[in-house]
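A.B. asks: Given chain A's structure and the hints, the job is docking chain B with the ligands onto it.
Listed here are the chains, written in short residue letters.
2 protein chains.
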Amino acid sequence: MIVVFVGTAGSGKTTLTGEFGKFLEENEKKVAYVNLDTGVKSLPYIPTVDVREHITVEELMKKGYGPNGAIVESYDFLMNYLEDYIEKILMLEKENDYVLVDTPGQMETFLFHDFGVKLMENLPNPLVVYLFDPTILRRPHDYCFVRLFALLIDLRLGATTVPALNKIDLLKDLEETKRYLEDVEYLTGRLKLDTSMQGLLAYKLCKFLPEISPPVRVLYLSAKKRKGFDELETLAYEHYCTCGDLT
Amino acid sequence: MIVVFVGTAGSGKTTLTGEFGKFLEENEKKVAYVNLDTGVKSLPYIPTVDVREHITVEELMKKGYGPNGAIVESYDFLMNYLEDYIEKILMLEKENDYVLVDTPGQMETFLFHDFGVKLMENLPNPLVVYLFDPTILRRPHDYCFVRLFALLIDLRLGATTVPALNKIDLLKDLEETKRYLEDVEYLTGRLKLDTSMQGLLAYKLCKFLPEISPPVRVLYLSAKKRKGFDELETLAYEHYCTCGDLT
Ligand SMILES: Nc1nc2c(ncn2[C@@H]2O[C@H](COP(=O)(O)OP(=O)(O)O)[C@@H](O)[C@H]2O)c(=O)[nH]1
Ligand SMILES: Nc1nc2c(ncn2[C@@H]2O[C@H](COP(=O)(O)OP(=O)(O)O)[C@@H](O)[C@H]2O)c(=O)[nH]1
Chain A
-13 MIVVFVGTAG SGKTTLTGEF GKFLEENEKK VAYVNLDTGV KSLPYIPTVD
37 VREHITVEEL MKKGYGPNGA IVESYDFLMN YLEDYIEKIL MLEKENDYVL
87 VDTPGQMETF LFHDFGVKLM ENLPNPLVVY LFDPTILRRP HDYCFVRLFA
137 LLIDLRLGAT TVPALNKIDL LKDLEETKRY LEDVEYLTGR LKLDTSMQGL
187 LAYKLCKFLP EISPPVRVLY LSAKKRKGFD ELETLAYEHY CTCGDLT
Chain B
-13 MIVVFVGTAG SGKTTLTGEF GKFLEENEKK VAYVNLDTGV KSLPYIPTVD
37 VREHITVEEL MKKGYGPNGA IVESYDFLMN YLEDYIEKIL MLEKENDYVL
87 VDTPGQMETF LFHDFGVKLM ENLPNPLVVY LFDPTILRRP HDYCFVRLFA
137 LLIDLRLGAT TVPALNKIDL LKDLEETKRY LEDVEYLTGR LKLDTSMQGL
187 LAYKLCKFLP EISPPVRVLY LSAKKRKGFD ELETLAYEHY CTCGDLT
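Chains as they are written, first to last, in the numbering used here: chain A, -13 to 233; chain B, -13 to 233.
The following block holds chain A by itself, in its conformation from the complex:
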């Protein structure tokens, strides 16, 4: 089965790919690793497929590109090899229990560039794990934002997406965070108190959540401390067996 880690730069995609992979291997699973980040310097795992064989952000910057231009240009260039990558990943999927896919450093590259979108369209029933960082959860409507962002990733990539809070080792009050993320009534109750235009928007968006998406499962992980890995494995397995229906 294919598990794809998506998230903003620094959310922990690469660390999780490495640690979760090791965890699976220790449990006698056959694991292959795919690196789609043209900007990464070093990896804590050995990738079977690595886009840096064709192009890196740094070599483009040496040719005069700025960092943002170089990132976009690298994926424009990789479009020439899209078919190859799809074929290679499909092959890996057959030969392994798990194919773990580490995506571009900047999440938007994967969500907005055809390289990411078309690659995903051609993979059989991948599970997307959307990693986010505790630091982005400051105000009640940030929880609403995260829940909806996961739905938008699902929509854009055409793949079941599970939100996963990473770095829980840094979190003081995990129970309160869980409540905000999972108990929509509790959250909307809080949002109701905010009478600004954005408070109202958050309230409306959140109130519709249960009608739009089934009760969502959220993962609570620490890539560094290997927390929540059993739950991630179980969820990936269930996803695989039910063809994406995690309700």
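Take the hints with a grain of salt, since some may be wrong.
No distinction is drawn between identical chains; accordingly, a pair holds when it is met within one copy or between any pair of copies.
Heads up, simulated DSSO-like pairs for lysine-lysine below, C-alpha to C-alpha not over 27 Å straight-line [claimed, not checked]: (1) K164 - K104; (2) K178 - K193; (3) K74 - K164; (4) K211 - K8; (5) K27 - K49; (6) K211 - K190; (7) K190 - K164; (8) K210 - K49; (9) K190 - K178; (10) K27 - K48.
No wet-lab data here; the hints were simulated from the structure.
C.D. replies: Relative to the frame of chain A, chain B with the ligands by itself:
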């Protein structure tokens, strides 16, 4: 008034900031420019405020950071100057008709890093223009994605956000694109035909749009050919006069 251009790398933020600024200046408006992109190499306008005075992605990369790490690190560092920037922009707002804000190359830096979020929280009623590129509109549910993405930006940044299709000079059928973006019934009719799980998700999300947000205005721009600039100016002006209520 403050107009903030947000969008993925390459969507045209910098070009639009420069061209729209010139357009306003030609119409006797007093304009100030703010550059928040630590990665940009050269600008087509002269910024009054420029984050590169404190830090650039390239200098961090010379110290050994990879491109993605350097981007994140540059905004971590800029947090030390957040108050200064807020103060400077507030001052510019008093002294000018327009303050045009060009945001980080990668949109996610602005949406997910505290530098962007906290800056926006402290600006008086800024208008956010969310630029997207025609290339991301390939399938019916991509239109739904863009409409919802604009709402999520609004939610996250706490500021009225208007979706703006840039590069319309590259577009073959603008009328059909407009219809998909503005006529929710037409769009949901199309989405209904897609019986996949993601088709259903798109259908549900879109069906709720009218209940969640008032009929949205979409801008159709060409930063390069200066198309849609009158509409952008009018909308910014109305936003300013109605304190954000663009319904
Ligand atoms: N405390 C803590 N730090 C983490 C965790 N996962 C990743 N990190 C750190 O976050 C930073 C970014 O991680 P990385 O895997 O490179 O993120 P990526 O850019 O999404 O691939 C690194 O310094 C990691 O050591 C975690 O679970 N807990
Ligand atoms: N055809 C066309 N190209 C544009 C337009 N606006 C920007 N571009 C081009 O798109 C590329 C990225 O533009 P830039 O302003 O740097 O994007 P930013 O990364 O969002 O600041 C440049 O090559 C621009 O010349 C437009 O309206 N039409």
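A.B. asks: Against this structure, judge whether each hint is valid.
C.D. replies: Hint check results:
Proximity of K164 to K104 under the C-alpha cut-off of 27 Å is restricted to the inter-copy arrangement: shortest distance 24 Å between copies versus 34 Å within a copy. For the identical chains of this complex, K178 and K193 are neighbours both inside a copy (10 Å) and across copies (23 Å), given an alpha-carbon limit of 27 Å. When the C-alpha separation of K74 and K164 is checked against a cutoff of 27 Å, the pair qualifies neither within a copy, at 38 Å, nor between copies, at 39 Å. Proximity of K211 and K8 under a CA criterion of 27 Å is satisfied intra-copy only: 13 Å inside one chain copy versus 53 Å between copies.
In the homo-oligomer, the alpha carbons of K27 and K49 lie at most 27 Å apart both inside one protomer (18 Å) and across protomers (13 Å), since each shortest distance falls under that limit. In this assembly of identical chains, K211 and K190 lie within 27 Å of each other by CA distance neither inside one copy nor across copies; the values are 37 Å within and 38 Å between. Proximity of K190 and K164 under a CA criterion of 27 Å is satisfied in both settings, with 21 Å inside one chain copy and 26 Å between copies. For the homomeric pair K210 and K49, the shortest alpha-carbon distance between copies (25 Å) is at most 27 Å, but the shortest distance inside one copy (36 Å) is not.
Within a single copy, K190 and K178 get their C-alpha atoms as close as 9 Å, and across copies as close as 23 Å, so both meet the 27 Å cut-off. Proximity of K27 and K48 under a CA criterion of 27 Å is satisfied in both settings, with 15 Å inside one chain copy and 13 Å between copies.
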